[in-house]
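We have chain A already, so just place chain B on it with the hints.
There are 2 protein chains.
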Amino acid sequence: MKMGNEVEWRIKATGDGSLEILVPERFGVERIQHWILGLGLKLLKFPKKAWKLGVNDPRKFIHAIKVAIALTLVSLFYYVKPLYEGVGGNAMWAVMTVVVLFQYTAGETISRTINRICATSIAGLLAIVVQWVASRAGDHVEPIIVGVSLFMLASAATFSRFIPIIKARFDYGAMIFILTYSLISISGYRADELLDMGLQRIFTIVIGASLCIITSITICPVWAGQELHFSIIAKMDKLANSLDGCVAQYFIDQTSYVSDEEYDKKLLGYKCVLSSKEAEDSMANFARWEPAHGQFRFRHPWKQYLKVGASMRSCATCIDALLGCVNLENKDPSDMKEQIGDVSLRLSANCAGVIREIAKTSRNMTRSSCVDILVEEMNNTAQELQEVLKSNNPINNAANNPTKAHGPPQLVLMETFQLLTLASLILEISARVEDIVKDVEQLAELAHLLPATCVKPLNQCQDLEDPCSQN
Amino acid sequence: MKMGNEVEWRIKATGDGSLEILVPERFGVERIQHWILGLGLKLLKFPKKAWKLGVNDPRKFIHAIKVAIALTLVSLFYYVKPLYEGVGGNAMWAVMTVVVLFQYTAGETISRTINRICATSIAGLLAIVVQWVASRAGDHVEPIIVGVSLFMLASAATFSRFIPIIKARFDYGAMIFILTYSLISISGYRADELLDMGLQRIFTIVIGASLCIITSITICPVWAGQELHFSIIAKMDKLANSLDGCVAQYFIDQTSYVSDEEYDKKLLGYKCVLSSKEAEDSMANFARWEPAHGQFRFRHPWKQYLKVGASMRSCATCIDALLGCVNLENKDPSDMKEQIGDVSLRLSANCAGVIREIAKTSRNMTRSSCVDILVEEMNNTAQELQEVLKSNNPINNAANNPTKAHGPPQLVLMETFQLLTLASLILEISARVEDIVKDVEQLAELAHLLPATCVKPLNQCQDLEDPCSQN
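If you're matching them up, the sequences are chains A and B in order.
Residue numbering for the first sequence follows the working numbering, beginning at 1170 and increasing consecutively.
Residue numbering for the second sequence follows the working numbering, beginning at 1170 and increasing consecutively.
Next comes chain A alone, as it looks inside the complex (with noise of 0.2 angstroms):
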């Protein structure tokens, strides 16, 4: 409602106790209120989220409060007289390191700050070396040696940064090659005691760098090879609920004692596993660059993590079209459905057993001893499910005896199709599943990983039951 010049905001409040603005349906003045009027609720709403970021993941926290110690402690050097006289005006370039090259993980901090220095010092020299023979030259050609060295240095080292070796590992090495080339080298043309002030720069360099990797591996360390190791596990975890929880879908009645929303969220896990690639990638890089920690020695194998996460990430391809074919399905139950259920689901359960075990063993550093058996038993209910589909030909026994099932035979024949498909996916799943088991294995290998006692795995036919309630 409007009376005269006052307008109406309708606000609704929503379930979450949160506050929403309805759209006014004129435009003009109105229009760009509601819009300033939107953008406030948002800023409103934005530290409640980003505390809640925080509290999922205290490290988050840590990391920030990590950073701005390790940037106070290197504000130290202006503040204190007698640490100031010895590098002046350079500290600067402390702290601009520490701000730079500080990252979550200790892999990417070491590996920039490696960077960092090698870059430094490399194009350093290479500045003063190109700067005396130039000063031989004379006056004129000078600015043109020092020009055309940088031309040539710039370009090449920005077309490096293309090649995917260098782009993966010296990256960051290339942009401060490029940096500091060009700052010396001009600088070079104007102050006279290049060498001294090239190597009090190192100095601060080094210093503010020191402090980064010291702060970094000291407190509350966030190691990228640990993080790609249990994110590899959580993963392996998801892909197992996810292949539950779809198969149970379409042979039990799953939804009706777990909430829609958590179900789904169990359900949906594997496409975490399929959008992975490039956050692996990284860490695996990162990681190369770490010293021993936890239960990783120095040179783990951490190359082989990415072959498992391709495998890991097969699998989930498999469980989007067996998703896919789940969704298509309309309720009916019938005969066909139970014949095949029954091994479907046992040998999807013994699928997700086999993840659950290697995830379970990887988790603590351990090699399985009976991954082999269950891997055996998926392969012996595979070979069963061939044959029940062989034995009990389920489509001609939809045509002989239509009385049976419910609806139009026709109907009967459309679902066992799709029962037919949802079977070989599975079947092709299994094949997948022990892809990952060969991959984990050689990981174990490389990792001289020591064999876990086995423990009799739980009674698989629990899992059918609610996929949902475990882990």
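Just so you know, these hints were derived from the structure itself, not from any lab.
Heads up, incomplete: computed chain A residues facing chain B, CB under 8 angstroms, no partners named:
1. 1265
2. 1447
3. 1493
Ideal placement from N, C-alpha and C gives every residue a C-beta, glycine not left out.
Quick look at chain B alone, frame taken from chain A:
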């Protein structure tokens, strides 16, 4: 063979003319020598690989030259006396700005530039205000106020970089904020001409940034938006090729008349769709900052491309499952294969045809007028495939006429299951292709594209004969 102190190196010439060193079987010095020689050979190959990279996409060479031009131009501030006297030692900041701001795409350069200028200004102002307040509080309290404010702001800004929306758009800005605030507040404790220094620094940063943006968008610009648009279209073509190749591999013996390598490349093209999420996200993010260019206006619906990309990935996961199914296949020809093969081939050709049609019209920035007809045709073929599956009842046929099929009945049955799975997956793919079409149609609507004149589509059966010779 080893004689006395001589070491024999076994070097093998491989097919493509490059050399490969065979690893000696013993450990020790030989192994190290082998490693050094290997590194040497790698370094020799390196320039060749780099050159090839640039020749395949000359824009990479051009980018390297653009950066060198910008850097050489900005260093004129040092070489030319009047310019140098204007800004003095602060010219360093202009150089640094060019090195860290200049990125491959115009959008990324603009995004970083805006981030840098805003963050520098805000942090600079804030630092000056805090400094002013602190200086009023007395000599003993001053460093405490400055130190505490630095600690608080640095941790807040570092934490903000974890928040998704800030990470996506203002990550660089947050870093520059910390950097500028610490540099200015720390220098402020010593230097007294703070405002003057700050202004001069911002002035040089603006010079560097303008130079970056001008070079970036005038010399052969690479637009993130355009990249996104054409990379999505290229991936559509790859999807269509993979689909064609995959189905044809099962039903037609394709591999005989194209080289294996080329064939695999076409067949596995869909894999690059699976892993493209992060690249698309960042391109869409940078495209938002770009001005109108080519056929794209400002505020082109870049976000919609992410939806198209997601639908394409969903289709690609299904192709992955299909390929898994095709690879299981044993090559015996059978009657059922012929029965279903024709319709399946037509359906997959229809799907590929639909994808190629939207790729073609999108490439021309038009809206397809005949995609509706093609989709209808695809759906009719899908309907037909379902009918064929129902009426022919292949399992039934196989069980009744085992003599007609080659090999024992069991083998035939297994092949039949595979055939049914394949047919179901092609049906699922056709459903997912329709999702892609819907997203592309919505994109065309949001971007106000004009309809293209409808050309009668090619006879799609041509596609079946050799999908690899196309495009």
